[in-house]
Amino acid sequence: MPAVKKHRIVDAITLDSIMSKLSDSKRTDDRGLLDYRKIEIETNILKDKTNGSAKVKIGDTEVWAGIKVETANPFPDTPAEGVMTCNAEMLPISSQYVEPGPPDEDTIELSRVSDRGIRESGMIDVSELCIKEGELVYSVYIDVAVINEDGNLFDAVAYAGTTALLQADMSKFTIENDEVKMLEEREKLPIKSLPISTTFAKIGDKIIIDPNADEQEIATARLTLVTDENGKYVSAQKGKPGGFTFEELKEISVISKEKGEEIRKMIKEAVNNGA
Amino acid sequence: MSENNIERISGRAPDELRNVSIKAGVIKNADGSALIEFGKNKIIAAVFGPKEVHPKHMMVSNRAIIKCRYHMMPFSTDTRKRPNLSRREIEISKVIREAVQPAILMENYPRTAIEIYVEILQSDGGSRCAAINAVSTALADAGINMRDLIAACAAGKANGQVVLDVDDQEDKTGEADMPIAMLPNMDLITLFQLDGNLSKEEFDKALELAKIGCNKLYNLQKDALSEKYFNENNKKEDEE
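These protein sequence lines map, in sequence, to chains A and B.
Number 275 marks the last residue of the first sequence (my numbering); no jumps.
Number 240 marks the last residue of the second sequence (my numbering); no jumps.
With the rest of the complex left out, here is chain B (with noise of 0.2 Å):
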């Protein structure tokens, strides 16, 4: 990065991350499923299906529609939540859902849901994005077939400077955040938002650190998935 950064409120360096662990087969009744630990988020996405579809009609002849509920636990955030489904949790979920549902080949599963349940146990800034880690190494976790893997990661711009993974404290202070997810390997970016205000210059150089995050997260997700499936010591554990 440039020699002249601004020191940010975390001590972070303008391209760094929060700490971010992922763990792959937390929830033993799902069929996938993954605990993201994101800064403060803490998310556990879990993946049921393919299964029956309900209610009937919602069925589609030719692949498997996805369904997806992000929801925050009322003990989640500063004050409490009102346990029901706001309008912003509403949104999330629509966009979660259509991040990550160009990486799934649905055609394979006809007349099938894929249910995506998205649990916020912690919440901080960039918990969409988090979250869609989460679901990514969950529906991988899950054995559903899948073209990518899904990587998501916050740009956006705090204290005049552009920087990777806008936390809450940048989030209310900083003057934009951008998340985004995309599928690395196909070069698609399949979930864009954007508040705050970002020049031309800005707008181009968030994009280009937010590809570079997710290309963190990317590596993260592989990596959280062979820890469950090749470490040795897991294996044996499942054998007994």
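For reference, chain A alone in the conformation it holds in the complex (with noise of 0.2 Å):
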């Protein structure tokens, strides 16, 4: 339970010159304080292993995720529903401040938040990942790699399991005489929904969507909010040790909405350019 870690290091500097742009509604890259950094999408990237792949760029930050799809024995609870799990991983290479070794509670929370989004938002239709009642479902695996860290994670991980889910294929099975055999055809996921998550922070009294590593170091509050298709909120999560007021929630709750949509047209784009 670590609750002092070694920390990213703000200087006096850079630290004047965000609060000094922030006065003016402005940040240090000059974006307004609810525009997006650039955001790069790229699909199929790592063809010959995975199922499925994407690298997603925002700003500096970037991540590569891979789909794997393999076969298992369903939960006895669940025994007609497939199975799916989302992992995410801050390697070594990506800053100064990561260790090799187990998960920190960070890194835990980042793979939890990334899959609530993909899970409650239903995007997965599990009900269509059985092959076999009680004996054999898909069980679909979506695996995060942070490669680049500038803050954001909690965005450029969803952005990337989602369009590497979107482009992924998996094996087709028949039953013949009640023993299960492999197709040679490939078909797509059941894909129900899209869920796009959007990362705001709080410094001072002003509210920014996307924040880089240093806005996010010295942020009071963070929130990530997961909005589907529909429009409906299906995950939500504070983070850092500050708050939110009432009427800053429900601003942000429409904000989220409407950065939501863009990103959905983003990635949809980027799903069929790749195909």
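Since the hints were made in silico from the structure, they are not lab data.
Negatives, chain B to chain A, calculated, CB over 10 Å:
1. 39
2. 83
3. 168
4. 215
5. 219
6. 231
In the DSSO-like style, the derived pairs of lysine-lysine whose C-alpha atoms are separated by at most 30 Å in a straight line are:
7. B:51 - A:240
8. B:211 - B:222
9. A:250 - B:200
Some chain B residues close to chain A (C-beta under 8 Å, calculated; not the full set):
10. 87
11. 90
12. 91
13. 94
14. 102
15. 188
16. 189
17. 193
18. 194
19. 195
20. 197
21. 198
22. 207
23. 211
Owing to the predicted nature of the structure, the values given are computational and were not obtained by experimental measurement.
All C-beta atoms in this analysis are idealised placements derived from N, C-alpha and C, irrespective of residue type, glycine included.
With the hints as a guide, bring both chains together as one complex.
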């Protein structure tokens, strides 16, 4: 239960420039409070071993996602449902503040929040991932690696994971004489929705979107809000030891939807172009 | 609440909490402690400190550090839980710590650690919120300087209806769960999580409902503290 870990150090000059720009409602890279950095999405970057993959860059933050679809025994309480797991990993190459070893609590939170966004939105219809009830189901693994860290990992991991899922395919099976047989052909995953994560941070009384690493470090509170295609809120997580007022939360919930629409289009376009 | 209410599994009204009782000062060896019974939840929170920091390198020169561990006993769940900390418990430890930290005047205790232990003896839905109420009472019981108590309560959606205080059954069969913690005097939300499916109207309604629930828990915490510190009978017992 670490309360203090190796922290990113924000030097006084950087801090000053962030604060003075913020007072003019600008960021250090001159974008507005509610502007994302440039988002670059590329699909099918790891063709040979994965069933689907994607690379997402938000500014200097870069993450890679790979999908593996395997078969497994179903859980006894859900014999006709497939299994899905989403895991995020901080590579030691991603930042001088990351060390190899078992995941720390920030990484566990990152993993669990990304998993929750995909799971709660019902993006994958797990009932269609059943091959033979009680015996064999698909098991979808979404693994996301953080290659370079410059803040807002929550969104980057979510975009990479969902983009890779959209692009992924899996083997087809039939049952002949009670025996499961794998077919030559492949099919797309049963995708029902595209959840979009948006992350906000609070510095002083200013709410900003898509914080970079320095902004994230000095922010008092962070909020990730995930919306689905129908404009419903499917998952949220507040982080950092500070808070938001009710008014701020309501404001964020409106912006999250608008930004979500834009980014959803961007992801769909990237998947279509890649295919 | 609106007239056309749908019956909840537990028979509660949409804005009705489960039975809650809080008792402050239940662990003699701790500097502060509280037992909360929240529906079927039975949770003890204990606070130690401000005390020396171990390991030393974690010390911060101008403020206290907060450590928090949320732990479920193996017998607290339907099927036995393995005793080691799960990823879920690590995440909840973190969100509880971040929910209570804004209330603590950490700068009053430089170079010290404040340790918070949450032990789930029996679990029901909404254990993180119940735990935060116990932690808040325990922190006050320990005499830690605070800006405000931290009140926590979940709202959500079950059977198509926005409801207060989602219990275990509603969490499993319902549409959404939205746990919230806040500092009521400062109108600051310090824990905010959501999983499920809420429209904008439902989202706003759940927020309002959770706020009402938090205010109720806030008063229950104050009652528990005054019961310990201002009740004549308790005072006499202490003197004997």
